[in-house]
Structures are given as C-alpha cells and as structure tokens.
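Here's the letter readout for the chains.
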Amino acid sequence: DTGVSQDPRHKITKRGQNVTFRCDPISEHNRLYWYRQTLGQGPEFLTYFQNEAQLEKSRLLSDRFSAERPKGSFSTLEIQRTEQGDSAMYLCASSLDMNTEAFFGQGTRLTVV
Amino acid sequence: QKEVEQDPGPLSVPEGAIVSLNCTYSNSAFQYFMWYRQYSRKGPELLMYTYSSGNKEDGRFTAQVDKSSKYISLFIRDSQPSDSATYLCAPDPHRDNYGQNFVFGPGTRLSVLP
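As they're listed, the protein sequences go chains A and B. Going from the first sequence to our numbering is simple: count from 1 and add 8. Going from the second sequence to our numbering is simple: count from 1 and add 537.
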C-alpha cells in the first residue's frame, strides 16, 4: 500500500464551475477525513467518515460542498459553483480507527480563476 | 483564544543547530498531541505523538509537554537542511473524545541553512 492517494494533484477551474476530487485511503482504514488548507495556515477540518457514514461536518462546509464515501472505501469531495475563495489545498487523511494516528495524502491544489 | 497557537516564523537556523519549536493550547483536557511535518506543496506527514506525562524521543527529534503551562515543544538536534519544512502541532481528539477532528495550529516554518 502506498498510502493515501488523492486525484488530481492540481486543478484549475473557472469561477462557477463544479469540481470533484477523489481520495483513496489506506486499505482497511475505516476513518476518512477531508481538510482544507490555505497558504500560511494549518489544515482546517471539513468533514469525516466512519466507513460509509458521514459523521461530522464543519460549518466551513457550505451547501455548495458535498462529500461521499459510498462503499466505505474511496471518497469524493464535490464543490459546486466554485468561488475564488475556494482556492486552497484540499487534504484527505485516513486512520484505522479512532485510536490510531491519521495519515495524509499529498492533497489536491485547487485554483479558481 | 484559539485552541492551538504557534509562532508562524519563519525560523532560520544554521545547519547543526538545535531547534526548538513550540506550541500552546487552551484546552486543559487535551492529553495527546501530534507533530506533523509538511514540506512545501506536500501533505502533512506524521512525525511524532506526544503524551502529556513526559518526553518522547525518536532519533534527532524530542517531543515534550508541559501540562502546567499548556506548552508543547519539539526539539531537533543536529538540524539538517532536509528538516526545512513547516511543523504543525495538533491535539489528538480521538483519545480525548474531544470531537472527532484534528485541530491544527498554523505551523512554524523552519529553514535550516547549509
């Protein structure tokens, strides 16, 4: 297993377009997290899944954002009607369960022009 | 008051120096803390776990917690240019049942000059 994988690594989109990112966690990791990171800041929590159930969403996750993990394996994060303020690095992390450390992917860098 | 605070730096040191990176937190219920290292344009990678009751050493890295002052430190001995990165501290919520997500500080940017 090569760790948490995110695709694409970079995405440039025009304002108003929809984008979707994918995260493949480490095999058998039950927990999957999405974070957003802007320049000079630490990652900010967006949402997390326990298997296929989305258990918590941050207030940062507006109704333009939706995340899924339909089979408890990979996850997608969709942003509808992108805005320039959505430009950031979107990070995915996974952990085996609640008592083990989380491992991050390399992130998807989104630029909205 | 923010839950986790760090001096953002940048901190520049010569190669071989001992580096001290610090983090303060506000919630006295936190027991475990993680240090992540993040290279430019990469995802964070877990460096160390710290438990509140003492020090933890791993090679050139030592993590330390002072619960009385809510102060956490990461020491790097014999620093190398490859240590140049941003160091993020984050309380571990899982063991504390303090919500289900990590709260990160802004990170301290370190540059080790050859």
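To be clear, the hints were calculated from the coordinates, so they are not data collected in a lab. Be aware that a few hints might be false.
[What the hints assert, rightly or not] Think about it this way: if two alpha-carbon atoms lie no more than 25 Å apart in a straight line, the pair counts; the simulated DSS-like pairs of lysine-lysine are: (1) B/Lys-604 with B/Lys-593; (2) A/Lys-65 with A/Lys-79; (3) B/Lys-539 with B/Lys-604; (4) B/Lys-593 with A/Lys-65; (5) B/Lys-579 with A/Lys-19; (6) B/Lys-593 with B/Lys-607; (7) B/Lys-539 with B/Lys-607; (8) B/Lys-593 with A/Lys-22; (9) A/Lys-79 with A/Lys-22.
Nothing here was measured: the structure is a model prediction, and the numbers come from that model.
Going through the hints against the structure:
1. B/Lys-604 with B/Lys-593: With Cα atoms ~15 Å apart, B/Lys-604 and B/Lys-593 stay inside 25 Å; holds.
2. A/Lys-65 with A/Lys-79: This hinted pair holds, its Cα atoms lying about 19 Å apart.
3. B/Lys-539 with B/Lys-604: holds (17 Å)
4. B/Lys-593 with A/Lys-65: violated (33 Å)
5. B/Lys-579 with A/Lys-19: Holds, at roughly 15 Å.
6. B/Lys-593 with B/Lys-607: With Cα atoms ~17 Å apart, B/Lys-593 and B/Lys-607 stay inside 25 Å; holds.
7. B/Lys-539 with B/Lys-607: holds (13 Å)
8. B/Lys-593 with A/Lys-22: violated (47 Å)
9. A/Lys-79 with A/Lys-22: violated (31 Å)
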